[in-house]
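*Asks:* The primary structure of each chain is shown beneath.
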Amino acid sequence: MTAFGYLFGKELRGVFLQPIAWVLLAVFLLVMGYTFATGLALTKTAALSRVVFQAATLLLLLIPLVTMRLLAEERRHGTLEMLLATPVREPQIVLAKFAASMTLVVAMLAPTVVYPLVLAFFGQPEWGPIYSGYVGLLLLASLLSAMGLALSALTSNQVVAATLALGLSLLLWMIDTLSAVLPAPWDELFLHVSLLARFTPFATGAMYLSDAGFFISGTLFALFCAVRALARD
Amino acid sequence: MLEGVGFEIARGEVLGLLGPNGAGKSTCLRLLTGYLTPTRGWATLVGHDVTHAGPAARRHLGYVPEDPRLYPYLTVEEILRLFARLKECSPASVAGECERVCEQLALNAVRRLAVAKLSRGFRQRVAIAIALLGAPPLLILDEPTNGLDPWQVIELRELVQTLSAHHAIIVTSHVLSEIERIAARAIFLCEGRLLGEYVIERDRPGELERQFLAITRAPS
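Residue numbers (this note's numbering), protein chains in the order written: chain Z, 766 to 998; chain F, 17 to 236.
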């Protein structure tokens, strides 16, 4: 196994051996199940866009709780000092933590695949918005995870890391409302960086390369910041 | 802050790094391990600059921080395998390296135990075992006797003496008598500056303490 494989294995155990991972998983699935069941009963349509938006909102709230401990805990417990005294490079540490965080997100989303299967059993859902919805959720989760990781690298206090990540995520989610009150060209700027504005096309079945590019480049930038923050001392 | 601190150490030598609290001992060690980056100056390990060629320099380094914390959810075996790979032991040699350090540190009895279940003394041994993985030429031990009982202190002293045959060892401690027993040379730091150096004479017990007091209390 490669050094990255060992690091990833350690991170996975660190994530899944904590009760918080299982609590988050349970809460996510409970709320998602409730949303799916009540939405289906009320609208009686074979569509998942409501569920996809609900999942996005939940990821916005829950991912900071996943990422808060990733680097802050290592810094507080002093394990980071031993890790950084080895020839391992900072990007490997950050990527292993990012991959572990995304594994938890995938574990949260995977059981929700049952919903489109239920819709397909009883009706004829439009598959395009469902596929694009899941792609959008993964892209959004990757950006949120990378941002949370970068903020976790800045502090040794997990609560501070979680609060900063939550604040930044919520701000970026709804920053498009600023475009309504600002004159051109500033209105366009805030619309372009709004997570909600970038995510909505995915949830409604329209996938644009520019939106995917925004999430991917944002993720890479946040991971770069995490690497720099890790090496800042 | 460190200012004008310079020293060399060769394989087979144990160097004591002494100074009062806040003298800059841990900062000095963290600069050598690459955890801190110097604003000015340089340090090399086996010819590699620790700032500009960090990974290459750290290949030659084994580090035991003061109060080493390990991942509590991993077993001793798992943590040794993890660090063996991080220290660039080849996949084929990982098992052999873990075997070797477990034998050397008498860790075989606890290999399958989670780190969280180990006593302070065993955790210290695991940290030293990690430092020894890959047989680096330089070992850095920051306050290694902190929190150990007298038996463990004696064991550690014997271990350092054994290791000194094949490694260069930098050790910090507040216990001057310990340094006097295990080190060949001591350097004194105070307020981030190197105040002096003393070649330890084993036949003059207590002399290190006198030198330490004379040097660190002298007006600068």
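Any given hint might turn out to be false.
Computed beta-carbon distance windows for the label pairs [as the list claims (entries may be wrong)]:
hint, chain 1, residue 1, chain 2, residue 2, range
1, Z, 985, F, 136, 39 to 47 angstroms
2, Z, 794, F, 163, 42 to 50 angstroms
3, F, 212, Z, 982, 26 to 34 angstroms
4, F, 136, Z, 993, 30 to 38 angstroms
5, Z, 893, F, 128, 48 to 56 angstroms
6, Z, 887, F, 104, 53 to 61 angstroms
7, F, 20, Z, 936, 25 to 33 angstroms
8, Z, 985, F, 217, 39 to 47 angstroms
9, Z, 790, F, 82, 14 to 22 angstroms
Below, in silico cross-link-like pairs of lysine to any residue (SDA-like), each with a Cα-Cα straight-line distance of 20 angstroms or less [claimed, not checked]:
hint, chain 1, residue 1, chain 2, residue 2
10, F, 133, Z, 778
11, F, 133, Z, 856
12, F, 133, F, 90
13, F, 133, Z, 974
Worth flagging that the hints you see were computed from the coordinates, not collected in a lab.
Predicted model, so just to flag it, every value in this text is computed and none were measured.
Backbone N, C-alpha and C fix where the C-beta goes; we use that ideal spot for every residue, glycine too.
*Asks:* With reference to the structure, classify each hint as holding or not holding.
*Replies:* Do the hints match the structure? See the list:
no., hint, in the structure
1, Z/985 with F/136: 39 to 47 angstroms, "holds (42 angstroms)"
2, Z/794 with F/163: 42 to 50 angstroms, "holds (44 angstroms)"
3, F/212 with Z/982: 26 to 34 angstroms, "violated (55 angstroms)"
4, F/136 with Z/993: 30 to 38 angstroms, "holds (35 angstroms)"
5, Z/893 with F/128: 48 to 56 angstroms, "holds (52 angstroms)"
6, Z/887 with F/104: 53 to 61 angstroms, "holds (56 angstroms)"
7, F/20 with Z/936: 25 to 33 angstroms, "violated (47 angstroms)"
8, Z/985 with F/217: 39 to 47 angstroms, "violated (59 angstroms)"
9, Z/790 with F/82: 14 to 22 angstroms, "violated (38 angstroms)"
10, F/133 with Z/778, "holds (17 angstroms)"
11, F/133 with Z/856, "violated (31 angstroms)"
12, F/133 with F/90, "holds (10 angstroms)"
13, F/133 with Z/974, "violated (51 angstroms)"
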